[in-house]
Structures are given as C-alpha cells and as structure tokens.
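Dock chain Z against the given chain X, drawing on the hints supplied.
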Amino acid sequence: MKRTVISIISLLFCLNAFSQTVITGRVTEEKGEPLPGANTYLQGTYDGASSGENGVFKFKTAKSGTQVLKVEFIGYEPFIQNLELKGDTIRVNVKLKEAFNQLNAVTITAGTFEASDKKQAVTITPIDMVTTAGAAGDVYGALQSLPGTTVNGESGRLFVKGGDSEESQTYIDGSLVSVPYNSSAPNQATRGRFNPFMFKGTIFSTGGYSAEYGQALSSVLLLNTNDMPAEDQLDLSILMVGLEVAGTKLWKNGAVTGTLSYNNLQPYMSLAPQNYDWAKAPESANGAVSVRQKTSKTGMLKFYSSFDNGGFTLSQQNLDAGGTPIDYQLTNGNQFMNASWNDKLGEKWAVSTAASFTNNADDIQFDQTTVAEQIQGTHLKSVFSYPFSEKFILKMGGELFSKKFSQNVIMPVETHDNSFTNHTFAGFTEAQIYASTKFVARIGGRVEYSDYLNSFTLSPRFSAAYKITDKSQFSAAYGWFYQNPVDDYLLYTDLLKPERADHCTFSFQSSANSRTIRAELYYKDYKDLVKLTGGEFYLPTSYNNSGSGYAKGLDLFWRDKKSIKNGDYWVSYSYVDTKRDYRNFPEEAIPTFTSKHNLSVVYKHWLGKLRSLASANFRYSSPRVYNDPNSSVFNGEKMLAYRSLDLSWSFLYRQHIIIYAAATNVLDFKNEFGQRYSNNPDANGQYPGAAIQPGSNQFYVLGCFITLSRKGNANQLDKIE
Amino acid sequence: MKKIILSLVVVLVSLVSMAQKPEYYQAMGETLGQYANCKSVADFQELGNKFQVIAAAEKSEWLPLYYHANCYIIMSFMEQDATKKDGYLDVAEKSITSMLEMVPSESEAFVLQAFYLVGRLVVNPMERGQEYSGLSGQALGKALALDATNPRAQMLKIQMDMGSAQFTGQDPKSFCPAAKELLANWDNFKPKSPIHPNWGKDQAEGIVKGCE
Chain X
1 MKRTVISIIS
11 LLFCLNAFSQ
21 TVITGRVTEE
31 KGEPLPGANT
41 YLQGTYDGAS
51 SGENGVFKFK
61 TAKSGTQVLK
71 VEFIGYEPFI
81 QNLELKGDTI
91 RVNVKLKEAF
101 NQLNAVTITA
111 GTFEASDKKQ
121 AVTITPIDMV
131 TTAGAAGDVY
141 GALQSLPGTT
151 VNGESGRLFV
161 KGGDSEESQT
171 YIDGSLVSVP
181 YNSSAPNQAT
191 RGRFNPFMFK
201 GTIFSTGGYS
211 AEYGQALSSV
221 LLLNTNDMPA
231 EDQLDLSILM
241 VGLEVAGTKL
251 WKNGAVTGTL
261 SYNNLQPYMS
271 LAPQNYDWAK
281 APESANGAVS
291 VRQKTSKTGM
301 LKFYSSFDNG
311 GFTLSQQNLD
321 AGGTPIDYQL
331 TNGNQFMNAS
341 WNDKLGEKWA
351 VSTAASFTNN
361 ADDIQFDQTT
371 VAEQIQGTHL
381 KSVFSYPFSE
391 KFILKMGGEL
401 FSKKFSQNVI
411 MPVETHDNSF
421 TNHTFAGFTE
431 AQIYASTKFV
441 ARIGGRVEYS
451 DYLNSFTLSP
461 RFSAAYKITD
471 KSQFSAAYGW
481 FYQNPVDDYL
491 LYTDLLKPER
501 ADHCTFSFQS
511 SANSRTIRAE
521 LYYKDYKDLV
531 KLTGGEFYLP
541 TSYNNSGSGY
551 AKGLDLFWRD
561 KKSIKNGDYW
571 VSYSYVDTKR
581 DYRNFPEEAI
591 PTFTSKHNLS
601 VVYKHWLGKL
611 RSLASANFRY
621 SSPRVYNDPN
631 SSVFNGEKML
641 AYRSLDLSWS
651 FLYRQHIIIY
661 AAATNVLDFK
671 NEFGQRYSNN
681 PDANGQYPGA
691 AIQPGSNQFY
701 VLGCFITLSR
711 KGNANQLDKI
721 E
Chain Z
1001 MKKIILSLVV
1011 VLVSLVSMAQ
1021 KPEYYQAMGE
1031 TLGQYANCKS
1041 VADFQELGNK
1051 FQVIAAAEKS
1061 EWLPLYYHAN
1071 CYIIMSFMEQ
1081 DATKKDGYLD
1091 VAEKSITSML
1101 EMVPSESEAF
1111 VLQAFYLVGR
1121 LVVNPMERGQ
1131 EYSGLSGQAL
1141 GKALALDATN
1151 PRAQMLKIQM
1161 DMGSAQFTGQ
1171 DPKSFCPAAK
1181 ELLANWDNFK
1191 PKSPIHPNWG
1201 KDQAEGIVKG
1211 CE
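Just so you know, the sequences run in chain order X and Z.
So the first sequence is numbered by the working numbering: it starts at 1 and just counts up by one.
So the second sequence is numbered by the working numbering: it starts at 1001 and just counts up by one.
I should point out that these hints are in silico values taken from the structure, not numbers from a laboratory.
Treat each hint with caution, since some may be false.
To be verified - Here are the simulated lysine-lysine pairs, BS3-like style, with alpha carbons at most 27 Å apart:
#  : chain 1 : residue 1 : chain 2 : residue 2
1  : Z       : K1059     : X       : K70
2  : Z       : K1084     : X       : K95
3  : Z       : K1192     : X       : K200
4  : X       : K344      : X       : K70
5  : X       : K438      : X       : K348
6  : X       : K95       : Z       : K1094
7  : X       : K97       : X       : K565
8  : Z       : K1192     : Z       : K1059
9  : X       : K565      : Z       : K1173
10 : Z       : K1039     : X       : K60
11 : Z       : K1084     : X       : K391
12 : X       : K249      : Z       : K1142
13 : Z       : K1094     : X       : K344
14 : X       : K609      : Z       : K1173
15 : X       : K31       : Z       : K1084
16 : X       : K252      : Z       : K1039
Bound-form chain X, shown alone:
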C-alpha cells in the first residue's frame, strides 16, 4: 500500500529537468584527510549527497541562479559557499575545520579525580563511592582507595600527599563545610557527617587546584548534591546500628526531602568483640531537610539544613595514673545549613552563589576536667563567569569565611576561657584559555586578607594540559596555597601568619576502551609552618612561623572495566617521601600520618543470576612512624603495616527491597597504630605506654533498604549498586 502510494506520487510529481547542474568535489579535514559521510546539499532544496569513502561527493540539481552549498559533518564546523548554477559542472573542494567543543576538548587532570556521569574519561564515579567495600557508606572511606591518600586507622580522616587531615577542605555545592567529620574520642576513627547518596558528582583534587579554592594546603573535595528527584517516594533503611526514614514530595518545579535517623551502636557492640570498653556506646539522632526549586529554565535553588545530636562515653586507661580506667564522655550538637543558587544572567553571564553556616558544640568530660568547644562558621561566596568566546572564559568571584571558635576548660585547679573570631576575605579571578581542542591553560590568582591575623596573601595558580593523542594527555599544575593555622594555636595567638605550601604536579593520563591509566609526580614545598618555641602554651609568643617541610611522590592508578566480563577493578599505588620541621618537632622528621608505600586494590563483580553486586578491597600501607618519649630519636619507632581485606555484598531481593552485607578485615590482620604515652614520667623516669588499637579488629554491617513509591518499581539500587 505504502509503496503504491509513493510510486503514484512519484509519477505524478516527477520533476522536469530542464538544465541540470552537477556539483562535485571532495571533503577533507584541515590536513587533507578525506571525510566520508559528510552531508553536502543546497540549502533549502532536496538536492544533496553524502561524501563517499574518499571524501568525494557528486550530485545533480535542476535549480538555477544563486544557491547556497552547505557541508556538514559531526565534530566539524559547517561549511557554506554561494554557487552560481548555470547548468554545467561545478567543482568545490571543501576543507572542514574541527569544531571546538569543551566536552571533547582537553581537560586539566593534574591532581584531580573527577566523578560524574557526563564525562567518559572519569576515573571514579559517585556510585563507586557507595559500593566500594571497606568504605561502609562513608565518603571519606571511599576516597581512601584513590592514590595520594594514606589510611590513618586511628583517625578515619583524609590525609593527602604527605599532608595532615586539617589541610583538606570539603565543599558542598560550592560552600565550605566547617566541621565535615563526626566528633570522636582521641585515637578513635571517625566518619564523614554526610550521606554519600546525597551527591551526584564529586571532584577530589589532591593538589594544584583552581584559584577559586583557598584555605586548604593539601586538597579540596567538592561535592555536588543531586538535582531534582524523579518522583514522590518513601525510603526506609534498617541497619544493625540504626534506622533511617526519608520522604520525598515533588511539586511543579520543586521538591522537598525530609530525613530522620537514629543510630545506636549498643546492640552491635554487645554482639561483636570490641577492643575498648564503652560505658555508653555511640548514639545519635539526626534530621535533615533538603529543598530544590527551579527558579527559571536554567536556574536552580538548593537548600539543605541538618541537625545532629550525639554522644558516647569511652573508658580509657589513664596512663598517668597507673593505667586506671577513666571515662571520656563526649556530647556533640551540630547544625549545618547550606544554600546555593545557580543561574544565567542574560545570554552569557553565569552566576553561582552559595552560603553555609555551621554551629558545632562539643562537650567533653574526663578525669574531673570539662572542656566545652564551639565553632560557628559562615561562608559566603559568589562566582561569576563570562565567556568572551568558547575558547576564552573568565571567572571571578569573592568570598568571606567567618569563624568563631571558643574553648572553655574547667579543671580542679584552674579554668581557661579563650576564644577568637576571624574573618577571611578573599577575591579571585581565573582565565581558561583554549589554544585548540588539544591545549588548554588556566591562569589565575587569589588574594586573601585575614582580620584576626592582619595578614595579606597573594596566591598565583597555573595549570595546563596537552592532548598528545585522542586518548592520552599530559597535564601540569603549579601554585601557592595558603591556610590559616589550626584553631588550637589561634586560640592563644594572633601573631602568626597563614601557613603556605607550593605545589608542583605533572600528570599523564590515558583512557581507552574503558581502561584508564594515570601517573602523577608531585613536589610540595611547605613554608611558614607553625613552630612551638617551647614556651608556655598560653603565651602568644610561644608560636612562630619558622617551620618548613616537603613532600614528594609518585601516584599510580589503573582502572579496567573491560577485561573481565561483568567485572571492574582498579589499583592505586602511592609513594610518598616527606619530612617536616614544625609544631613540637625538635628537628626535621617524618610526620606520623604518612606511609611511604600505599596500595589499594578494588574489585567489583556483578552476578546477574544472583542479582548481586560483590565487592572486595585490599589495602596496604607500609609502617608509619610514631614517637616514643623514652627514646632519644624523635619519631623513631615504627608501627605495624596496615593491611585489610574488606568485602561487601548487595542483593536485590525484590524490585524495591535491597539487602546489604559487608565486613572489614575478613582475614583478621593485626592492625595497630603505634603507642600512646603518659604525659608525665613515672617514678623510674619512664613514660608508660599503651598500644593504640582499632575500635574493633573487624566491622560488620547488615542492612535492608526499602523504597516505596507510587509506581512501585523504584528502589535504592543507586544507593548500593
């Protein structure tokens, strides 16, 4: 039927060819290589042809007069030429220029691990953060399977490229998180405060980052929260250690999600053997509200607010009193608020504004001493960007970090009450310039002024990347990075200036066929580190900026999603050589938080028949150093190497029910994090010590996630797949 109709129409309306012009030619790219498949046609007519294998095209037209020849091909700029048609043969050779497209163009990868589903060349995705065994749903735990990080089992925080954990900052939707970790007892591992399921993308920069980011000597972690949820739903999570209920409600251009959770480790700790005595196991209650509102076709307003109250009582040996147990009791209250707005102003200007507020209070009691600490932090930031062309984008912005830290210590004999308030004002500008799709440079600078320290800093930042082939590229970054000294010192002195680190990073990355290899060499020069003069801690003059240090190393990363069917693995290795002379160090020495060799091997396998995702993660860190006050050598002792094999299993039981099980250190390696010592020597002039052990040798998680939605087929697969 269709054919007949078409034939009839063809017959009826067949064109009369009076005089025909033949248009022919060859389509090539700039270097003369032929482009087969290019579309060549006269605009506004039906006359045209595709170029053949050798780039040659040829078509006839009955049109006459002036016509426009258009040639188009994917990835190239369209070509247009006016032709005068007179019924003879016209020859046109067409050279197409490669189109510039930022998505295909080279990106700066030195120091940066970017995760999002938009880019092909990603190394670690948000889903990886949740499904990596050993991470136990902790953002920071997952990052510790990337090169450049060192596992510190007694801390749980992020230690990057020879840097201390305080040198890393976390940003959510552009604004600073002043207190990203839960409060913990000394030498007890902590976790991040945020649920990794909140985030759709992460950028983990381990050095050489943009001028947009300051107040971090070692690394910045940029977390971007999810956009609009897809539908109304109710999520229920039941874990051995707690319960969580989350409800999402949508309206026309917005949505709200409310979350309530309660955690109590008491039942778990009474079942699984613990290395410490808990008079009261960690218990916490949290609530959060997250709102999304589209403000225009391109604009989005995000708001997030959470409260978190928790506490515990840990029984620890008092080494200054012959090892008698004392209770260390902590209660924590944390409120966090974060808002961000992104939109376009007119055709070209893009603006993003973010604000965050943190109020964190810790109340600690031990051995007749009471410590009350409070941090109130505010961060305001606005960034404007303007593309002069696709190849030249200028970004500028300003921010304010405000922080009030107060500490009140009550001891039987004395009381200390101290606080400080600092405002850091910062401005930055940065230009991103593409010479071609193969070469990009980013040049920027940042100024900061701290009113408490009355100090002014200027940080230049440079980075560039060059694509050697379609799949491989070199990248380099250099910059100065400043950060105000830690709160514990600023409490007593305002005579310090910011500490400084200069980063120099060279990186090579090659990705093809779902395989990525990456190698990075770096050198960090630490200057103006805080040094203690040995005077009384409460005297402002007991601190100066005469400390220094360096860190240099090699990071290797290999990921392969291809070679094993349904399997995916990655291997990270980092070598770090670092020494410092800072704080109370009598001389230049290796700091306690770095391991020379760090290895992480992650494997994941999807078992289709069992509807399960299995994951294994092996980590090794060579022995770190620690200081024994009984020895004449500073930081001269070595801990045990850290080894752990972690496993996890996710099982999709029904469309909306997922069962999750995980265990850490299944081979029961002995892990120990050195020794802690008494503050004062005993009668024999010796400092008695005790081993610092992990909270437990192994940790188990068993949980069930249930999703209820109208459609009934949504589940929390994205949570653990």
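Positioned in the frame of chain X, the structure of chain Z alone reads:
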C-alpha cells in the same frame, strides 16, 4: 463501518496535504524506502544526511527531524566506541529537542525520545542505568498518556519491563500475554499518513518469538 469512514478520512486528509507539498512527500517517501537497505553505520549516516537535507528545507515539518534522530540513535546502537556513541546521540538529541518544540503533544515524538534515552543508557548501564531508565520511563508515560493505542509506545514499555524483570527476580515471561495481544492488534493502528512512523512490528514479533 465507522472504521472505514475513519480510514477514508485519514487517507483523504493525507492526500490533500500531499497534494499541497508534493515535493516533500516524494522526497520523504523515497528516503523512507531506503531504510530497508541500510546495514552499517555509514549507511544510516547517509540516510540521516538525507533527512537532514529535507529537515533544513522544510522548517515546519517534524517528521524529517524524527527520522534524522532515529538514524543517529540506530547508529549509536551499532557503534562500539562509547565516545562515538554519545557523539551520535548528541546529534539525535538536537533533532529531538527541535521536534518536541514543534509537536509537544505528539505521542510518536515521545516514543522516539524514550528510544533515544535508552540509547544513552546503553552506553554505560552501570552508571546511567538508574537515571536514564527513569527518564525513558517518563517519556514513555507521556507517549502513552497522549495515545494509549500507540503500538510503539506499548512495545517499548513491554521491552523495558522485561529488561528490568531480569534484575529484580520477576519472570520476564509474565509480560508475554501483553506482547501477544499487542502483536495481534498491531495492524489496527493506522498511521496518519504513509510517511508517519510505522516501524516496530518486527521487534514485536521478536518479543513474541522469545516468549515461546
């Protein structure tokens, strides 16, 4: 009787519009006739080029955009290289966006959008699965809401339900009766003109065959 009148009206209306734009209908008819001969990425690219030429000449017609996007979606399924797959889908996306602006309540347009979103998903099911299966489900929902009888929308829905059943422990064969019914009634759906979308019967036959 009612049906015959309806078909007559449809034929008449299409003939009238064909008479108004003979060149357009001829070009579309000829180009559509070449679908069957396309076997490789290069073939579909050539065909897509032809639809692009027609789309550029007929700025108010959505069907050239529809078929242009369709060619590039098929190319993405045939291509192995993930970057190229996404590149083809970028081209398809542009045409789909223009098409949806033109005909925001055309059921077939949303079927194609759903098909395109499946193409995006297939590039990287592990990482895009959750997001894109939701999005393509939404597009199919719109297609069915606009025309519940659209056989292509129904077929894609069955295909998707069967696909996700594999992962959730449901029996994919539980969708077989629906597939058989769809195939049995397939020819009752009359496209609005000879150049309107009319594909999918082969795939529906494939699904039913897989049920046996």
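**Prompt:** Going through the earlier hints one by one, which of them does the structure break, listed in rising order?
**Reply:** 3, 4, 7 and 16
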